[in-house]
Amino acid sequence: MATHKTMMKILVTVKEVATVEDEFEIEGTAIADQYLGADLNEWDDYAVEEAVQLQEAGLADEVVTVTIGPEDCEQTIRQALAKGADRAIRIWDDALEGVDLLDVGAKTELLKAVVEAEEPDLVLSGVQSGDDSFGATGVSLASAVDFQWGAVVNGLEHDLEDGVASVRRELEGGVEELTDIDLPAVLTIQTGINEPRYASLRGIRQAQRKDLDVQTLADLGVDAGAVEGDLELTEMYEPETESDVTVWEGGADDTAGQLAELLREKGVAQ
Amino acid sequence: MTDVLAVADHRRGELRDVSYELVTAGRELADVTGGDLHLAIISGPVDDFAEKANREGVDAIHTVSHGEEFNHDIYTQAIAQLYDAIAPQYVLAPNSVNGLDYAPAVADELDLPIVTDAVGLETDGQTLIANREMYGGKVETTVEVDAESALVTIRSAEWPTAEGTGDASIEALDADIDKDAIGSSVTGFEEVGGGDVDISEADVLVSIGRGIEEEENLDIIRDLADALDATLSSSRPIVDNGWLPKNRQVGQSGKVVTPDVYIAIGISGAVQHVAGMKGSETIVAINTDPNAPIMDIADYAIHDDLFDVVPALTEQFQ
Ligand SMILES: Cc1cc2nc3c(=O)[nH]c(=O)nc-3n(C[C@H](O)[C@H](O)[C@H](O)COP(=O)(O)OP(=O)(O)OC[C@H]3O[C@@H](n4cnc5c(N)ncnc54)[C@H](O)[C@@H]3O)c2cc1C
Numbered sequence: 001m002a003t004h005k006t007m008m009k010i011l012v013t014v015k016e017v018a019t020v021e022d023e024f025e026i027e028g029t030a031i032a033d034q035y036l037g038a039d040l041n042e043w044d045d046y047a048v049e050e051a052v053q054l055q056e057a058g059l060a061d062e063v064v065t066v067t068i069g070p071e072d073c074e075q076t077i078r079q080a081l082a083k084g085a086d087r088a089i090r091i092w093d094d095a096l097e098g099v100d101l102l103d104v105g106a107k108t109e110l111l112k113a114v115v116e117a118e119e120p121d122l123v124l125s126g127v128q129s130g131d132d133s134f135g136a137t138g139v140s141l142a143s144a145v146d147f148q149w150g151a152v153v154n155g156l157e158h159d160l161e162d163g164v165a166s167v168r169r170e171l172e173g174g175v176e177e178l179t180d181i182d183l184p185a186v187l188t189i190q191t192g193i194n195e196p197r198y199a200s201l202r203g204i205r206q207a208q209r210k211d212l213d214v215q216t217l218a219d220l221g222v223d224a225g226a227v228e229g230d231l232e233l234t235e236m237y238e239p240e241t242e243s244d245v246t247v248w249e250g251g252a253d254d255t256a257g258q259l260a261e262l263l264r265e266k267g268v269a270q
Numbered sequence: 001m002t003d004v005l006a007v008a009d010h011r012r013g014e015l016r017d018v019s020y021e022l023v024t025a026g027r028e029l030a031d032v033t034g035g036d037l038h039l040a041i042i043s044g045p046v047d048d049f050a051e052k053a054n055r056e057g058v059d060a061i062h063t064v065s066h067g068e069e070f071n072h073d074i075y076t077q078a079i080a081q082l083y084d085a086i087a088p089q090y091v092l093a094p095n096s097v098n099g100l101d102y103a104p105a106v107a108d109e110l111d112l113p114i115v116t117d118a119v120g121l122e123t124d125g126q127t128l129i130a131n132r133e134m135y136g137g138k139v140e141t142t143v144e145v146d147a148e149s150a151l152v153t154i155r156s157a158e159w160p161t162a163e164g165t166g167d168a169s170i171e172a173l174d175a176d177i178d179k180d181a182i183g184s185s186v187t188g189f190e191e192v193g194g195g196d197v198d199i200s201e202a203d204v205l206v207s208i209g210r211g212i213e214e215e216e217n218l219d220i221i222r223d224l225a226d227a228l229d230a231t232l233s234s235s236r237p238i239v240d241n242g243w244l245p246k247n248r249q250v251g252q253s254g255k256v257v258t259p260d261v262y263i264a265i266g267i268s269g270a271v272q273h274v275a276g277m278k279g280s281e282t283i284v285a286i287n288t289d290p291n292a293p294i295m296d297i298a299d300y301a302i303h304d305d306l307f308d309v310v311p312a313l314t315e316q317f318q
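Sequences listed follow chains B and W, in order. Going left to right, the first sequence walks through residues 1 to 270 as the working numbering numbers them. Going left to right, the second sequence walks through residues 1 to 318 as the working numbering numbers them.
Hint data in this document are derived by calculation from the structure and do not stem from the laboratory. Quick caveat: nothing in here was measured; it's all calculated off a predicted structure. Some hints here could point you the wrong way.
To be verified - Reference excerpt, derived from the structure (chain W facing chain B, CB under 8 Å, subset only):
1) Met1
2) Ala105
3) Leu110
4) Glu140
5) Asp198
6) Ser200
7) Ala202
8) Ser253
For each residue, glycine too, the CB sits at the ideal point set by N, CA and C.
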């Protein structure tokens, strides 16, 4: 078979995650609003970068992001656009309002509709999201749309010849698995695969003019029942600890002195 | 529909410990549902694994001899066939890197709700209740699964390993694997993180995390390590950023270390980090956040700014 290079379309799933301040309070089944911040999911930042690099290498002609989230998260979506994605899709609907925990099955239904409409050759997602850390959406989506897949990818060869992605999967204990995956595929991207860029001022300006298309369930042809989900978050609490940690108090000189004493007792630096 | 099906985890010819933990977790559920605990062993030297995994609590072992190494398509197909044959109420899989490469696909295929990374599980026979962490371990949650059947991946080292010798029936399943549906193939393995230093040999580790903020700031940590005659290690983001080489990374995907003293500086203590250092004899944490998960396993702590504490500590040894 002759080698050929086709231009690809890449879809990147991008999530805005909630970040929590050091000191916080729990109200019901959530952290009280005033202790929450928002950020582009760390893993998705690497996924966006990988897609943009594939485009810069001439292997992709379009990078589209897809996000499930309310209007508030458009700033985060613009961050991905500022880093080089071409356009964005944001899925939101009244039916999603007030859902505490959108489960993997529900996310899969929504993203599946977008994959079917956009027909990408490659979907990049993050390994997990930093807030609820399910780590399952990418692979679930692949199964639902009949794509191939690879989870926890920390290396991707930028040639994609013959419709095959050669990847490294990061296993436990410093072992990497080298795997060839047929396209179309979903890869869940691990941190460290590349060096995510900072958006340039020009990128930020351009991002304001890029398409950000909002889709409701009806637009996607997804039934409201499909996103109801079977999981319910019923409690949130601070983990019990069995810790008997000794905390040294005082100024830095005092605490450093206490620690130095401990280290000397242990024979460190003697 | 009262049985439980657990899926053993193995890699490169070794059965992994989480397999025995899955037996414990599965047994606990099956005791309540009143069903049998089945264990699936897929690919690799299955007979050898079946013998090892035949511990107390397992009722039936199903082996699927197909290929040496892990392949998610073979796993997905084999588990779907076992599911049809056994009709279990719960399916348990490891929350390992490979577990996360097949479990979500199995859930999608079988139309089961999935809960990942569970640290606790309970059932009354009807509703499954799982405990899992959020926000990098800052909070824990209870999740109720309202479905007849569900798939759960469990975090390693949360359940004790099953012991003893079991008297499970061992059956080879002649799985009908559709080879055309296999769209990925493993071409090799590589060990990474070799090189000049072996942090797992060190007696004292000064370990730095994202709290250091900038690469230039690493100098104050190097100075401390020098003053203490200690070895420098780090959490993952420092290596991801390229500030230290891979052989300095402590954790699930890096090295497992057991020094006499481990000083965690600006490290939150995410589960994947803790997996690599919880066996240290004495753990000291320097962190501005008194609620950081690292405090749960630290023996001594300073809740203060590392940029004040570290230079003061270095000075004590000069
Ligand atoms: C599949 C997989 C494998 C992984 N493998 C590993 C692994 O092998 N090793 C690993 O480490 N991680 C691993 N991770 C990543 C892990 O989940 C965490 O993201 C990572 O450990 C966080 O590193 P950190 O604690 O340095 O950063 P953060 O979680 O960002 O914590 C930084 C800490 O610094 C403190 N801090 C900030 N400023 C200061 C200051 N001035 N003074 C004192 N304290 C300060 C903060 O309070 C915070 O607690 C893995 C993740 C996945 C999904």
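Do the hints match the structure? See the list:
1. Met1: violated, 15 Å
2. Ala105: Holds, about 4 Å.
3. Leu110: violated, 10 Å
4. Glu140: holds, 4 Å
5. Asp198: violated, 11 Å
6. Ser200: violated, 11 Å
7. Ala202: Check failed: Cβ of W:Ala202 comes no nearer than 11 Å to chain B, outside 8 Å.
8. Ser253: holds, 5 Å
Checked against the numbered hints above, the structure breaks hints 1, 3, 5, 6, 7 and satisfies the rest.
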